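K.L.:
Chain residues, written in single-letter form:
There are 2 protein chains.
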Amino acid sequence: MTANVSSPAERRRHKIRARILSAAEHVFAREGAEGLSIRKLAENIDYSPAAIYKYFKSKDELVDELKETFFELILENVHRIADQSTPFAARARDCVATYVRVATEKPHHYAAAFAGEATSEGPVENEPGFELSKKGAAFNVLRGMIQEGVEIGAFRSEIDPSLAAKSIWASMHGLAMMIVHIPSFPALKPAQETMSREDFILFHADQVVRGMEAYHG
Amino acid sequence: MTANVSSPAERRRHKIRARILSAAEHVFAREGAEGLSIRKLAENIDYSPAAIYKYFKSKDELVDELKETFFELILENVHRIADQSTPFAARARDCVATYVRVATEKPHHYAAAFAGEATSEGPVENEPGFELSKKGAAFNVLRGMIQEGVEIGAFRSEIDPSLAAKSIWASMHGLAMMIVHIPSFPALKPAQETMSREDFILFHADQVVRGMEAYHG
DNA sequence: AAATATTAGTGAACAGTGTTTACTTTCTGA
DNA sequence: TCAGAAAGTAAACACTGTTCACTAATATTT
Numbered sequence: 001m002t003a004n005v006s007s008p009a010e011r012r013r014h015k016i017r018a019r020i021l022s023a024a025e026h027v028f029a030r031e032g033a034e035g036l037s038i039r040k041l042a043e044n045i046d047y048s049p050a051a052i053y054k055y056f057k058s059k060d061e062l063v064d065e066l067k068e069t070f071f072e073l074i075l076e077n078v079h080r081i082a083d084q085s086t087p088f089a090a091r092a093r094d095c096v097a098t099y100v101r102v103a104t105e106k107p108h109h110y111a112a113a114f115a116g117e118a119t120s121e122g123p124v125e126n127e128p129g130f131e132l133s134k135k136g137a138a139f140n141v142l143r144g145m146i147q148e149g150v151e152i153g154a155f156r157s158e159i160d161p162s163l164a165a166k167s168i169w170a171s172m173h174g175l176a177m178m179i180v181h182i183p184s185f186p187a188l189k190p191a192q193e194t195m196s197r198e199d200f201i202l203f204h205a206d207q208v209v210r211g212m213e214a215y216h217g
Numbered sequence: 001m002t003a004n005v006s007s008p009a010e011r012r013r014h015k016i017r018a019r020i021l022s023a024a025e026h027v028f029a030r031e032g033a034e035g036l037s038i039r040k041l042a043e044n045i046d047y048s049p050a051a052i053y054k055y056f057k058s059k060d061e062l063v064d065e066l067k068e069t070f071f072e073l074i075l076e077n078v079h080r081i082a083d084q085s086t087p088f089a090a091r092a093r094d095c096v097a098t099y100v101r102v103a104t105e106k107p108h109h110y111a112a113a114f115a116g117e118a119t120s121e122g123p124v125e126n127e128p129g130f131e132l133s134k135k136g137a138a139f140n141v142l143r144g145m146i147q148e149g150v151e152i153g154a155f156r157s158e159i160d161p162s163l164a165a166k167s168i169w170a171s172m173h174g175l176a177m178m179i180v181h182i183p184s185f186p187a188l189k190p191a192q193e194t195m196s197r198e199d200f201i202l203f204h205a206d207q208v209v210r211g212m213e214a215y216h217g
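Keeping their order, the protein sequence lines are chains F and Y. The first sequence runs contiguously to residue 217 in this note's numbering. The second sequence runs contiguously to residue 217 in this note's numbering.
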């Protein structure tokens, strides 16, 4: 999959980079970006803190790589569902549910993937270009599905797939964030008896698709 | 509104506390929690850093107070809309839209209000009890509206208002977070021509309400 | 093979952060 | 007036990300 780099030096370098990323991944998954300190990370892999900076320009760059890899995972999963040959409505529903499921399996990753480009006022120019990012690719899968829904006649032809995709994405995102930030969700209090999370995800996904189907001009 | 405290000492103390909070509010609105440092804050109000700790147990406690006050603002606004006597469907739509609007007017506040209780594994016991929080109150307003919708016949009686409120809340939350994290949203690239944000919010709100109306068993 | 240039890796420091402790000053209630 | 409480502080602690000057090992070129 990864292009074979030539020289042994480059291979060695790549290997160490991967070891750093792997160690970082473990800590990040448990403790998030704040919990991941360069010093602790360096100790984990028996290097000096400064050594990390020979492989990554900054902590942000390192973390960005973790986030991108994570969104690759989401993309793969959603893509797999979208390409199935099951009936359209169920497939659409599964796409939404899968997104939320995979997203919430690594809460810190998902939260950081959005909080990163964050509220900070910095110009978006720094971003690798939404269209090219894994996030952008995931969005395109979603838009493609809606396009298909329109062509098939499941959705009305007045619908702008791009617009609809954004609305649905927002709804998926919202549920994912809720679960990420409120660990007990859909329960609001720790010991509240309620619908199971899995059932709630499906309920929400249905709700979203229904809103789309019920659109009339 | 606030109970009149007796002694001059207490009044003075309360006043200084308020000054700290006010100074913190300004910085926080512009730069978020990370940008708000105790040292800079102390300098702003001509105190030593340690002095802050005579008024707040920790930076977290200080920030929590800002967040709670902010959610009070959201609550007031949503409540105002919910209590109007306009037709139900439009009112429901306006509630969703208002939530998103007020939320995104202070992006750092809104993001922090959720990121705070965050992915961190700590027991939720520390929370002031969801039911009693302003967040909980806002949720109750939403649930009340849905309840009304069911009684009025706008929604089917099979709907569980509590469940439905969570789903709708997730959808609102999702749009708010999108706008907070992607400043150009609903545009995905900086200079993309697209629907205005205000129109998008209404489109999304309609979508959400429609999903509810179209629920059958 | 020898000399040179590049890269890997490090220890120590810089500039920040939240927070605590010991200490002084100021105020207040009896 | 005088003891006790509260307000306020300087200095330190234990962290953080990051940079710099330096050495040691490896590649490259002559």
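Don't read these hints as lab results, they were simulated from the structure. Keep in mind the model is a prediction, meaning the values are calculated, not measured. A couple of the hints might just be wrong.
When chains are identical, the list treats them as one kind, so a pair holds in a single copy or across two.
[Claimed, not checked] In silico lysine-lysine, DSS-like type, Cα no more than 27 Å apart, as pairs: (1) 189 / 40; (2) 54 / 189; (3) 15 / 189; (4) 40 / 15; (5) 134 / 59; (6) 40 / 134.
K.L.:
Does each hint fit the structure? Answer for all of them.
P.N.:
So, going through the hints one by one against the coordinates:
no., hint, result
1, 189 / 40, "neither (35 Å within a copy, 37 Å between copies)"
2, 54 / 189, "neither (47 Å within a copy, 32 Å between copies)"
3, 15 / 189, "neither (46 Å within a copy, 35 Å between copies)"
4, 40 / 15, "within (20 Å within a copy, 43 Å between copies)"
5, 134 / 59, "within (20 Å within a copy, 36 Å between copies)"
6, 40 / 134, "neither (29 Å within a copy, 38 Å between copies)"
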